[in-house]
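Participant: Heads up: the sequence lines are chains A and B, in that order. Using this note's numbering, the first residue of the first sequence is number 1, and each one after it goes up by one. Using this note's numbering, the first residue of the second sequence is number 1, and each one after it goes up by one.
You may find that some hints are simply not true.
These stretches of chain B come out as covered by chain A in the derived footprint (C-beta under 8 Å, 3 or more residues) [what the hints assert, rightly or not]: (1) 201 to 208; (2) 281 to 288.
Mimicking BS3-like on lysine-lysine, the simulated pairs with C-alpha atoms at most 30 Å apart in a straight line are [stated by the list, open to error]: (3) K230(A) to K84(B); (4) K230(A) to K69(A); (5) K249(A) to K230(A); (6) K297(A) to K37(B).
Don't read these hints as lab results, they were simulated from the structure. For every residue, glycine included, the Cβ atom is placed at its ideal position computed from N, Cα and C.
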Amino acid sequence: MRFIFRRMIELAVVMFGLSVLIFVISRVLPGDPVRFALGPQATEEQIAQLSREMGLDQPLVVQYWRLIKGLFQGDLGVSLTTFRPIAGDLATFLPASLELALFSMSLAILVGVPLGVMTAVHRNSSRDYIGRAVAFSGVAIPVFWFALLVQALLSFQWRIFPPLGRIDADVRPPPHVTGSFLIDSLLVFDIGLFFHVLSFLILPAVVLAASPMAMILRLLRASMIDEMGKDYVLTARANGMPRNLLIHKYVLRNAFSATLTIIGLLFGFFIGGAFIVETVFSWPGIGRYGVRALQFKDFNAIIAVTLLVGLAYAAANTVVAVLYGWLDPRLRLGRR
Amino acid sequence: MTNDIPARDSPIAGGVEDGPVSVEVPAWRIAVATLGKSPLSMVGLGIVLLILVLAIFGPWIAPFPDDAGATVNFAERLQPPSWKHWFGTDIVGRDVLSRVIVGARISMMIAAFVIVLAVLIGVPIGIIAAYWGGWLGNILMRINEVFLAIPSLVFVLAVAALLGPSLPVVIAAIALAWWTWFARLAYGEALHIKEEQFVEAAQVSGAGGLRIAFTEILPNLTSVLVVKITLDIGYVILLGAALGFLGLGVQPPDPEWGIMVAEGRDQLPNAWWLTTFPGLAIFVTVIGFNLLGDGLNDLLGARQ
Numbered sequence: 001m002r003f004i005f006r007r008m009i010e011l012a013v014v015m016f017g018l019s020v021l022i023f024v025i026s027r028v029l030p031g032d033p034v035r036f037a038l039g040p041q042a043t044e045e046q047i048a049q050l051s052r053e054m055g056l057d058q059p060l061v062v063q064y065w066r067l068i069k070g071l072f073q074g075d076l077g078v079s080l081t082t083f084r085p086i087a088g089d090l091a092t093f094l095p096a097s098l099e100l101a102l103f104s105m106s107l108a109i110l111v112g113v114p115l116g117v118m119t120a121v122h123r124n125s126s127r128d129y130i131g132r133a134v135a136f137s138g139v140a141i142p143v144f145w146f147a148l149l150v151q152a153l154l155s156f157q158w159r160i161f162p163p164l165g166r167i168d169a170d171v172r173p174p175p176h177v178t179g180s181f182l183i184d185s186l187l188v189f190d191i192g193l194f195f196h197v198l199s200f201l202i203l204p205a206v207v208l209a210a211s212p213m214a215m216i217l218r219l220l221r222a223s224m225i226d227e228m229g230k231d232y233v234l235t236a237r238a239n240g241m242p243r244n245l246l247i248h249k250y251v252l253r254n255a256f257s258a259t260l261t262i263i264g265l266l267f268g269f270f271i272g273g274a275f276i277v278e279t280v281f282s283w284p285g286i287g288r289y290g291v292r293a294l295q296f297k298d299f300n301a302i303i304a305v306t307l308l309v310g311l312a313y314a315a316a317n318t319v320v321a322v323l324y325g326w327l328d329p330r331l332r333l334g335r336r
Numbered sequence: 001m002t003n004d005i006p007a008r009d010s011p012i013a014g015g016v017e018d019g020p021v022s023v024e025v026p027a028w029r030i031a032v033a034t035l036g037k038s039p040l041s042m043v044g045l046g047i048v049l050l051i052l053v054l055a056i057f058g059p060w061i062a063p064f065p066d067d068a069g070a071t072v073n074f075a076e077r078l079q080p081p082s083w084k085h086w087f088g089t090d091i092v093g094r095d096v097l098s099r100v101i102v103g104a105r106i107s108m109m110i111a112a113f114v115i116v117l118a119v120l121i122g123v124p125i126g127i128i129a130a131y132w133g134g135w136l137g138n139i140l141m142r143i144n145e146v147f148l149a150i151p152s153l154v155f156v157l158a159v160a161a162l163l164g165p166s167l168p169v170v171i172a173a174i175a176l177a178w179w180t181w182f183a184r185l186a187y188g189e190a191l192h193i194k195e196e197q198f199v200e201a202a203q204v205s206g207a208g209g210l211r212i213a214f215t216e217i218l219p220n221l222t223s224v225l226v227v228k229i230t231l232d233i234g235y236v237i238l239l240g241a242a243l244g245f246l247g248l249g250v251q252p253p254d255p256e257w258g259i260m261v262a263e264g265r266d267q268l269p270n271a272w273w274l275t276t277f278p279g280l281a282i283f284v285t286v287i288g289f290n291l292l293g294d295g296l297n298d299l300l301g302a303r304q
């Protein structure tokens with residue numbers, strides 16, 4: 001518990017730092033977002049008035065205080081392009097992003113871990129080479145390019161999967177319970193709807209999973225091989241412990257805790273990838289919202305999205321750290 | 001990790017200059033021989049050399065160098081790959097192969113500047129934080145954590161969007177996100193090296209802190225840094241291309257690979273060559289740097 005508590009404090013410190021960083025970048029860097037938002041026809045008075053309404057004429061410290069106060073009250077300000085409250089927008093788009101992210105991450109782990117074990121156990125066999133080729137490609141492939149090719153072939157050319165969006169415009173989404181269309185459609189026992197929703201989810205999820213899957217495979221393979229060379233493995237085998245039991249119960253567990261440290265960093269690539277994948281597949285999530293905000297220089301929305309993403313990333317890393325402590329009890333004591 | 005490489009550079013183990021006792025095979029010859037044994041690393045090296053040649057001499061190699069800019073040739077628009085246009089032509093009739101070749105320079109330029117900046121900022125910070133430790137080290141590493149608290153792509157996108165996208169902004173934005181990785185690496189390594197005997201020896205002999213940090217610790221980081229730099233060039237190229245694709249990086253009509261993929265998007269799946277070849281260029285380049293980086297890793301690791 002104390003371990004978890006300490007991690008939470010660290011999380012708070014980092015989030016505070018991040019909010020200052022983003023704030024400084026958004027306010028101190030040149031460029032006038034208000035002028036940009038109002039367009040070239042805006043008069044000086046209009047610009048001055050909107051700046052005043054948004055409190056941009058106040059000293060920086062006051063502006064920062066307002067931002068933080070707003071954050072704790074769930075008020076993220078107003079979008080400069082749609083003039084709607086950003087908090088509401090984010091709440092609308094978040095479930096779609098979470099659904100895509102969780103589905104895709106499970107995919108990456110469910111494929112990456114067995115492949116990592118397989119390539120390590122059958123080292124230097126043809127299976128190993130194929131697995132590693134996949135891993136190399138997965139890390140090096142540009143996500144946006146992969147997404148476009150998959151979309152062009154499987155959706156536009158062969159029409160196997162729908163190309164864009166989360167659900168057909170004329171299909172009613174399931175009643176909102178969890179926000180995940182997959183789970184919600186199952187909750188009302190609508191199997192047809194479930195597969196309809198799944199067909200939209202598959203392509204973006206697979207594309208998004210490619211790179212994390214490849215990284216998991218590579219890391220796990222390396223740490224499995226490392227682990228299998230250790231004395232305890234030799235001893236166990238010499239004592240006649242069945243190979244499968246040894247590998248799956250002992251080697252994998254130890255190798256996995258080494259991999260887990262880096263899985264935290266993986267979330268970073270994952271979130272970045274989600275911005276691109278959501279844009280290509282018109283997935284109505286935070287990533288697409290964020291890219292639009294960026295393209296239109298909607299800096300209120302940019303700050304909000306960046307903080308939300310930072311929070312998600314930091315929270316994911318905190319969960320990983322806690323898990324890591326659970327897998328490796330030595331870490332719960334002593335230094336971090 | 002790198003416990004023993006010090007021997008070569010440290011004053012106590014050195015003594016190479018003192019007498020003609022040892023006949024040393026130059027390190028680079030050992031390197032070439034070892035690297036030559038791994039076919040994949042050689043493939044990586046080949047790709048990297050090819051990209052470097054294209055980046056330097058691209059405009060002289062490209063069959064239609066003028067097509068790299070904003071030229072228009074409607075008579076030849078959207079032609080599929082042929083002997084005249086190996087990679088086809090785009091929507092205004094420009095030769096895609098020429099644009100891909102000239103585009104190598106933009107990607108390599110982004111990568112080179114970013115890495116140089118990131119190393120120059122990150123490595124000293126990491127070493128200083130590790131060597132002095134205490135409150136200074138604590139503050140430096142906390143700042144580092146804040147920068148790490150946000151995914152690179154999102155951070156870079158935000159900075160590029162707020163500043164207005166252009167080549168210098170892209171470089172600055174990525175470097176601002178990237179120094180943290182080098183700081184972290186240098187910090188971790190320097191913490192170990194700091195405990196080595198030759199550092200203690202230097203301390204006892206009265207060398208100052210700065211001197212120890214940069215003449216004793218820094219040289220022993222080079223092999224780790226070389227591997228990291230090689231791998232990271234690939235990842236920076238990926239990131240730069242992603243920015244271009246989203247319209248927040250280098251701007252048209254520059255033949256940046258990410259922009260070219262985006263421009264070809266509306267023509268999919270019919271004019272497939274527009275998106276396929278620039279994307280392939282990114283893919284192959286990143287694989288090249290990855291293979292070479294892995295090869296160097298084995299090579300420099302094997303020296304231990």
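Participant: What hint numbers does the structure not satisfy?
Facilitator: 1, 3, 4 and 6
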